[in-house]
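Peer 1: Residues per chain, in single letters:
There are 2 protein chains.
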Amino acid sequence: MLRAEFVMESEPLVPKLVDHEARRAEIVDTTLRIVARDGLAGATTRALAKELGVANGAVGHYFKNQDVLLAATYEEVFARTNARAGRAVDGRRGLDALLAKLREMLPMDSVTLDEARIVVCFWGRVTTDTRLRARLPEEHHAWTHQVRDLLVQAIDDGDLRTATDPMKLAELLVTTVHAMQVRAVTLPEETPTSVQQELVEQILTPWMRRPVALSSRWLASTERSKP
Amino acid sequence: MLRAEFVMESEPLVPKLVDHEARRAEIVDTTLRIVARDGLAGATTRALAKELGVANGAVGHYFKNQDVLLAATYEEVFARTNARAGRAVDGRRGLDALLAKLREMLPMDSVTLDEARIVVCFWGRVTTDTRLRARLPEEHHAWTHQVRDLLVQAIDDGDLRTATDPMKLAELLVTTVHAMQVRAVTLPEETPTSVQQELVEQILTPWMRRPVALSSRWLASTERSKP
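Going line by line, the protein sequences match chains B and E. Using the working numbering, the first residue of the first sequence is number 1, and each one after it goes up by one. Using the working numbering, the first residue of the second sequence is number 228, and each one after it goes up by one.
Note that these hints are calculated values from the structure, not bench results. These figures come from a predicted structure and were not determined experimentally. Glycine residues also receive a C-beta, built at the ideal position from the N, C-alpha and C atoms. Keep in mind that the hints are not guaranteed to be accurate.
Pairwise CB distance ranges (calculated) [claimed, not checked]:
hint, chain 1, residue 1, chain 2, residue 2, range
1, E, V281, B, D38, 30 to 36 Å
2, B, V152, E, P433, 16 to 22 Å
3, E, P433, B, H20, 49 to 55 Å
4, E, E248, B, A213, 51 to 57 Å
Partner residues aside, some chain B positions facing chain E, computed with beta carbon under 10 Å [unchecked claim]:
hint, residue
5, L52
6, W123
7, V126
8, T176
9, A179
10, V182
11, V185
12, T205
Work out the full structure: start from the sequences and follow the hints.
Peer 2: The following block contains the structure:
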């Protein structure tokens, strides 16, 4: 639809372009499913074509090569997480917004656990693929600054002590999300939701102004918007 | 040498078996170098044979297949880290021992940064390879308990407050090491040694009994033993 301005008035083109975007999205969606299930090694052109029920060469009409497809797929994970986290924060502020946001990033259910499997697979490839790595600093800064802003609100609300360094704490929280993603994938038995919550609480508790049980604040974040 | 008991008295076998172990170690060492440089996708039998200067089939005499070789390689990373961390702690206790140990695990120099690249690559494979995953809980528990013991000493020494929960703090520190490994690989520019130290200090500072600059305690850990 974004490309409507390039569409000539001869109407057959419109459905074709819409179809093109829809097809790309379908291919990315299927790639995400395969990576979550079989890892990056499983996301071959052949496996993808089979799962889509198309000929082996068909994917090439939509993505020039495997690298371009994987970059688009990695991008889609960010887009999905950010969209969910954005909705979760909507109408909340401070500590509650922070926990609601973390809830959408931490691998605590099937959606976020699949995302963890996917990003951990991609990290292995990021070590040698500069195209994949290029987008990461921007995402990292955006997440860190969003978390910092919520921590500043939590200080203003009197939930966190004024001695809290919101930027350093934000760095630690965002870093911990990545660590939980690694743990959930490599040590699934040792990383239930309760352990993830405890580790986040271990970070926040020393900065709480009153000795409140943080665990009760998580509850609000279970009222999640659907993915 | 471990297999000496199986060696018949006819002496030609002895050098052969020693050679076998030495060859296996050489293959694992070369695999580690390739993974650090080119990722797991680069560690093909062909690339390995080329780097070793042997025929393509030669590696198969020492490792039944690629999975067995990768499992042995992953094992070797743990062995090297543990050996270095063990030497670093030797003769130290409490907070100084903790920082010396973390120094050997955090990706702060070429040795530990290569290890980070290697383990991050392996994590992507761990998602779908139960053989690789099998050893991880044991390693995780061992590391967490070692760190906890050092935290208990730090409490006894009066460096950390008695209100510190050493087990939860140990979980958080070990988890943070993994997070730093991810960050150093995916966000190298944003993860210099100073940032890693700050994040560890952000975790420890609220539990310090006296307002001491932790940064000065790291210095002792720069007196490292050679890898």
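Peer 1: If any of the earlier hints don't hold here, list their numbers in rising order.
Peer 2: 5
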